[in-house]
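Listed below are the residues making up each chain.
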Amino acid sequence: MTEKKMKNPLSLQIDPALFETASEEEKAQQVTMRESVSFMRDAMRRLRKNRIAMISLWVILLVALIAFIVPTFYPYTYTKQDVTAQNLGPFQYSAKEQMKIDKGMSVFPHIMGTDNLGRDYAIRVIYGTRISLLVGIFSALIVIVIGIIYGSISGYFGGRVDMVMMRIVDIIYSLPDVLIVILLSVAIKDWVSTSQNALIARLGAGMVSIFIVFGLLYWVSMARQVRGQILSIKKQEYVLASRAIGATPARIIRKHMIPNCVSVIIIIAAMQIPSAIFTESFLSFLGLGVSVPMPSLGSLASDARTALRSYPYQLIFPALSIFLIVLSFNLLGNGLRDAFDPKLRN
Amino acid sequence: MEEIKKGFTPDPDCLVQVRNLKMFFPITTGFLKTTMLKAVNDVSFDIRRGETLGLVGESGCGKTTVGRTLLQLYKPTDGEIWFDGRKIDNKEALKNFRRRAQMVFQDPYSSLNPRMTVGDIVAEPIDVHHLCANKTERENRIRELMTLVGLNTEHATRYAHEFSGGQRQRIGIARALASKPEFIVCDEPVSALDVSIQAQVINMLEDLQSRLSLTYLFIAHDISVVKHISNRIAVMYLGRMMELASANELTKHPLHPYTVSLMSAVPVPDPKVSRNQHRIVLEGDVPSPLKVPSGCPFRPRCSRATAACAEACPAMREVSPGHFAACHNL
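Protein chains in written order, with this note's numbering: chain A, 185 to 530; chain B, 275 to 604.
Extracted from the complex, chain A is given alone in its bound form:
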């Protein structure tokens, strides 16, 4: 063997002398750390891709912004009556206001007209929307808090505890909510009218009983779903591992079980909001909701019914508002479900 062997031109043998070792700096350039993907981030990425859900989210944000910011600077209030400006159409002015305009003073237009007592309709619809959103968010909060605590305790401890707790849920599930709202609002009428708390007095017996009913009845479906999730998570080995370490049940529920139920919780909460808004509008329409002069989308629609032929816009505006809110929340809920649980889609 000679030192310099003729290399076959077709040989793929590589001459190591042609190479030089990489410097530390060059090595460092090759090391690329992939960004860590958490479950939440992954779900949010899927949600952002869903155009319908994103449009719904923006609509909800816009409506919420209008409902909470516009009343702070709007020149009319929902209680101020003007007998000279009854049942005006959108952008119409009363004779008195027309005189002011003729004199060169500026008058803020009634964007949605006025109602039969001469109150500006736009601000009343905005207040009604505000009530609806508050009801939706409040009921979702109640559902989340009670549903998670109840469902996780029932699922974690199982056995007899689970059986008793789930039978209670079954009983609550079978109670008719509308009937209970009616009964409650009659029962607590006196208490509410003499209440020292200004907020309770202003909301009225109907509204307070709606909230109580949400608190009493609406958490059951969340509790059932969370229990179901916990039952399946309980069998996972990481829960056993945590017990072997010596973690308390509270820690296991908090650190291992609830984070793994998050998708179900978010989906149910998002679905709960529109159904609560709808229930409130429906009860207000029947005259069980907010007390006058506080408007709600349901009570506005109910009042508009009497003069439907002459002033149809008085029904259209609150109806449109309910439609927009409920539809957006429903579509967002669907989007969240798809994002958090891609397997459920089909």
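Mixed in with the good hints there might be a few duds.
List time: in silico DSS-like cross-link candidates among lysine-lysine, alpha-carbon distance up to 27 Å [what the hints assert, rightly or not]:
1) A:K280 - A:K264
2) A:K439 - B:K307
3) A:K418 - B:K296
4) B:K454 - A:K439
5) A:K439 - A:K419
6) B:K409 - A:K419
7) B:K349 - A:K439
8) B:K296 - B:K307
Pairwise CB distance ranges (calculated) [said to hold, decoys possible]:
9) B:S498 - A:P433: 53 to 63 Å
10) B:S438 - A:P360: 50 to 60 Å
11) A:A382 - B:T308: 18 to 28 Å
Bear in mind the hints are in silico, worked out from the structure with no lab data behind them.
Everything numeric in this text was worked out from a predicted model, so none of it was measured.
We put the beta carbon where it would ideally sit given N, CA and C, even for glycine.
Using the hints, position chain B against chain A.
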């Protein structure tokens, strides 16, 4: 074993001593009818400090239940567990025991919470037992543990699903080591892994044992793996212990008819030896643990069974020094 039960004095050489452990599960077998599933029935053994006790047997024989009951993950139906000279029977002893005894699980996929970062998983024993005074100390300990099991410390912020099976099992081992335990129950830690990864993990467990002076209870169904890592091996069948001897003795000179047939089924990587080997094929299937045969549970499948075997269950006795077996016919 009866005389031991009364006035039991713990052996200072032994870290773990199990006496007459029984674990029965009630199973609903019909309308309002429950039958006791005797997963572990009257099992006693000692684990000496620093040794590895292998526990082998077919699936469903109660190996995993022994490990889990030993760690008080199930409340034993009967029996005593002594750890480091103390009986585990009150809350105080249990809390101390939980820190000093840990477990490595079989399935590296379901044993790590998918919503927690690797750092948090590894630090869970630290958080539960408040072992670190502040955040920096905790971070340092996580880094130390991850280095100990051969993981990249920069991966502490990642989630478990971003790792391979072998890496995930290393995370599980790091978690078990976090509270500086003396005793670790390894419940089939390698059976879910590839053979090449199995060797790595086994070698790592051996290395950690010598570095941290750990004591293992190594549960597996693969006898060649158990033989490699264990000092002594115990054989279980239908919830009862059949034979207990040093790893060498048990594999070379098995005494109990069940162990003999079990050893004959172990594949030998030498075709010449393998050809001359006599494979004992047992007749029938393992009986349902709900209907354990009377007397010796192995009786219906045993070639040496006699009338006496159906009468009483044989107790473990020392056949030769250090070699225990439960059989009437030895």
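Against the structure, the hints come out as follows:
no. : hint                        : verdict
1   : A:K280 - A:K264             : holds, 16 Å
2   : A:K439 - B:K307             : violated, 37 Å
3   : A:K418 - B:K296             : holds, 24 Å
4   : B:K454 - A:K439             : holds, 22 Å
5   : A:K439 - A:K419             : holds, 15 Å
6   : B:K409 - A:K419             : violated, 32 Å
7   : B:K349 - A:K439             : holds, 24 Å
8   : B:K296 - B:K307             : holds, 21 Å
9   : B:S498 - A:P433: 53 to 63 Å : violated, 40 Å
10  : B:S438 - A:P360: 50 to 60 Å : holds, 55 Å
11  : A:A382 - B:T308: 18 to 28 Å : violated, 60 Å
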